[in-house]
Amino acid sequence: MRAEAVPRVLRILRGYAFTIAGIAIGVGGLVTLGAMSERIVRFIEGGDRFVLGQISVAGRGMGMGAGFTAGGLLPAATVRAIAAVPGVTGVQPQVMLPLNPSTSQFLTLTQELVLGLDLAVLMPNRHYRALPVRAGRFLRAGDRRVAVLGASLAAARGLRAGSRLTLEGASYEVVGVLERMLTAPDRFVFVPIEDAREQWVAKDQLLQTVLASGAAALTAADLNTGAAVGWAEGEDPDAVARRIRERVPGLNVQLPSELSRLLRSSTAFFSALLVGIGALALLIGGLSLANTMAAAVFERIRDFGVKRALGATDLQLAREVLAESLAVTLAGGLGGVALALVLGGAIDGWAARAGQELFDFSPRLLAGALVFSVLLGAAAAGYATRRVVALSPAEAIRRGA
Amino acid sequence: MLRATGLAKSYRAPSGAPIRVLDGVDLAVRAGELAAVTGASGSGKSTLLNLLGLLEDADGGELWFGDERVSALGRAGKSRARGRWVGFVFQAFLLVPSLTALENVLLAARYAGRPAAEARRRALALLEELGVGDRRDHYPAQLSGGEQQRVAWCRAVLNEAPLLLADEPTGNLDDANGAVILDGLRRRAHAGAAVVVVSHHPEVAAGWGAVYRLREGRLEAA
Chain A
7 MRAEAVPRVL RILRGYAFTI AGIAIGVGGL VTLGAMSERI VRFIEGGDRF VLGQISVAGR
67 GMGMGAGFTA GGLLPAATVR AIAAVPGVTG VQPQVMLPLN PSTSQFLTLT QELVLGLDLA
127 VLMPNRHYRA LPVRAGRFLR AGDRRVAVLG ASLAAARGLR AGSRLTLEGA SYEVVGVLER
187 MLTAPDRFVF VPIEDAREQW VAKDQLLQTV LASGAAALTA ADLNTGAAVG WAEGEDPDAV
247 ARRIRERVPG LNVQLPSELS RLLRSSTAFF SALLVGIGAL ALLIGGLSLA NTMAAAVFER
307 IRDFGVKRAL GATDLQLARE VLAESLAVTL AGGLGGVALA LVLGGAIDGW AARAGQELFD
367 FSPRLLAGAL VFSVLLGAAA AGYATRRVVA LSPAEAIRRG A
Chain B
-2 MLRATGLAKS YRAPSGAPIR VLDGVDLAVR AGELAAVTGA SGSGKSTLLN LLGLLEDADG
58 GELWFGDERV SALGRAGKSR ARGRWVGFVF QAFLLVPSLT ALENVLLAAR YAGRPAAEAR
118 RRALALLEEL GVGDRRDHYP AQLSGGEQQR VAWCRAVLNE APLLLADEPT GNLDDANGAV
178 ILDGLRRRAH AGAAVVVVSH HPEVAAGWGA VYRLREGRLE AA
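Protein sequence lines, in the order shown, are assigned to chains A and B. For any residue, its number in our numbering is found by taking its place in the first sequence, counting from 1, and adding 6. Heads up: the second sequence at position 107 corresponds to 104 in our numbering, and the numbers run straight through without jumps.
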């Protein structure tokens, strides 16, 4: 009996080929739009997670205006003062620079950045103690003239572990490429802070003039655009940030919660957009699926009449329709998911050349789409069946003739 | 076996006015008896057959299968009664297009709750007997009209239902295939079934036990 069930199910599915195709298109649209929405959610959540994992500080002033640490110079003495504030567990000086300040990308949200890290200090970000490396390795203390690339930047430039990259006239060995994080670090070049400082000086003619004049008593260790600050277990990060503000003058200190709020308000448009995309996807995909499934049942109105004439009860017919609709919507749902994966994969393959990724086909999205399609399909089939069995068998046969 | 008293049925015209199709029909058919109902097109023959087979509800009157007053049953009860008591032969065959010939025949057993293995054996034997055994895995669209009616006939008699209702069973068939079906109807009656056939061809009813004519909503002996 079980051996006969497989070909029978396959035959049922063949009989519903157009219905399945219709459902697959609806679910494919739903999953594709949902994957775009997921991508935006991941982007926003990733940024939020990053800023809530550390206190970002910079010297007071305008400075480079790059990244999260807009401000002026953060000298070594100030870094030491921050480290002495109660509740602070680690301060990692950083240099954040635009990779190419001469392009208009400098003004965009997704600019490519060089991030110089002081590797003598452990990463203080609670949510990113170590960045996930896909190939090669991350930076180590003592490294020079080596770089680790974010996934999008590496893909856009066709670079991988072992490639070489020229930054401000100096050649760097790419020792690692990060996993795709769907957040800002995907477009970063991570280098040792010493190398980043050299690039900074090479990029900034004003800084070159100041250093050459000897007017300011600056050492290399003073050339920091900001720092990431960690807090002790049990401390309230906002309270620690306020404490730094109070005790160390001349700083721009970002409260993690405030930065998170700012980030969320700056991404409010995207949040609204993704809600719209999600709602649209549910509406279009749902209507398409429900309409296709209900139409498939109404098309068989004569068959229902015949079966009832042969003695089928409403319950028997409902069970049959439910089983068939589950098989059909599941097949259509799986087809739609496959369609979306193929389509999204092709588009992402094309977009990857520009270092972009448009879709995030998360397991929760795929599972949700399947459950949604099966439930909605069953509900639509159930509704249509109820309408059909409300007719007398003779009327059903007449209408289906 | 079958007893109908005072069966009435009206439909509504597009204007909303009621059209009385059956106006108090009385009919009794005993087990082993053949009854033919003739009448002009539109006289209500098919409607009468639908009421007798519980395919639609009458506006009035009573219907009995044996000692069971089936007209008083609810929807589920009527469905079960159809499966247990009635075999149908339709003019348009009404095979389910997505099922093979054998599966179409087996539908009748499935809803009557008969054991699957026994029903399959009998279905295969019937298909062989009617000369369509080699077509058992064919779909209706792959069968000729005569073959479809033979398959539909197998479905109608699979359960050996005590009541066999046939609506213009030879209407879409050539003479040879028509003869096969008419012969089958007579043999079912010989086997003890109550058989009711409606047709607007009086010659179909020639030589039958009881022939009735439906006129102006009432049944009269022909």
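Hints were generated in silico from the structure; no laboratory data involved. Only a predicted model underlies this, so the values are computations on that prediction, with no experimental measurement involved. Where hints are given, some of them may not hold.
Stated by the list, open to error - To give an idea of the chain A side of the interface with chain B (calculated C-beta under 7 Å), a few residues:
1) Thr172
2) Ala176
3) Glu179
4) Val312
5) Ala396
What the hints assert, rightly or not - Per label pair, the in silico range of CB-to-CB distance:
6) A:Val348 x B:Gly71: 48 to 54 Å
7) A:Leu381 x B:Glu59: 41 to 47 Å
8) B:Ala173 x A:Ala324: 24 to 30 Å
9) A:Leu381 x B:Glu217: 54 to 60 Å
10) A:Leu381 x B:Asp180: 50 to 56 Å
11) A:Val348 x B:Asp180: 58 to 64 Å
12) A:Asn297 x B:Gly168: 34 to 40 Å
What the hints assert, rightly or not - From chain A, some residues computed to sit far from chain B (all C-beta separations above 12 Å):
13) Val91
14) Ser177
15) Arg251
16) Val254
17) Ala300
18) Leu323
19) Ala358
20) Ser368
Ideal Cβ positions, reconstructed from N, Cα and C, are used throughout, including at glycine.
Hints, one by one, checked against the model:
1. Thr172: Check failed: Cβ of A:Thr172 comes no nearer than 67 Å to chain B, outside 7 Å.
2. Ala176: violated (72 Å)
3. Glu179: Nearest chain B Cβ about 65 Å off; hint violated.
4. Val312: Hint on A:Val312: holds, closest Cβ of chain B at ~5 Å, below 7 Å.
5. Ala396: With a minimum Cβ separation of about 10 Å from chain B (threshold 7 Å), the hint on A:Ala396 is violated.
6. A:Val348 x B:Gly71: 48 to 54 Å: The hinted range 48 to 54 Å holds for A:Val348 and B:Gly71, with Cβ atoms some 51 Å apart.
7. A:Leu381 x B:Glu59: 41 to 47 Å: At 45 Å between Cβs, range holds.
8. B:Ala173 x A:Ala324: 24 to 30 Å: Violated, since B:Ala173 and A:Ala324 (Cβ atoms, about 42 Å apart) do not stay within the stated range.
9. A:Leu381 x B:Glu217: 54 to 60 Å: holds (57 Å)
10. A:Leu381 x B:Asp180: 50 to 56 Å: holds (52 Å)
11. A:Val348 x B:Asp180: 58 to 64 Å: holds (59 Å)
12. A:Asn297 x B:Gly168: 34 to 40 Å: holds (37 Å)
13. Val91: A:Val91 is indeed farther than 12 Å from all Cβ atoms of chain B, at 76 Å.
14. Ser177: Non-interface label stands for A:Ser177: nearest chain B Cβ at 69 Å, farther than 12 Å.
15. Arg251: holds (74 Å)
16. Val254: holds (78 Å)
17. Ala300: About 18 Å separates A:Ala300 from the closest Cβ of chain B, which puts it past 12 Å; holds.
18. Leu323: Its Cβ does come within 12 Å of chain B, the nearest being 9 Å, so this is violated.
19. Ala358: holds (45 Å)
20. Ser368: Non-interface label on A:Ser368 holds, nearest chain B Cβ at 37 Å vs cutoff 12 Å.
The structure does not agree with the numbered hints 1, 2, 3, 5, 8, 18 stated previously, though it agrees with the rest.
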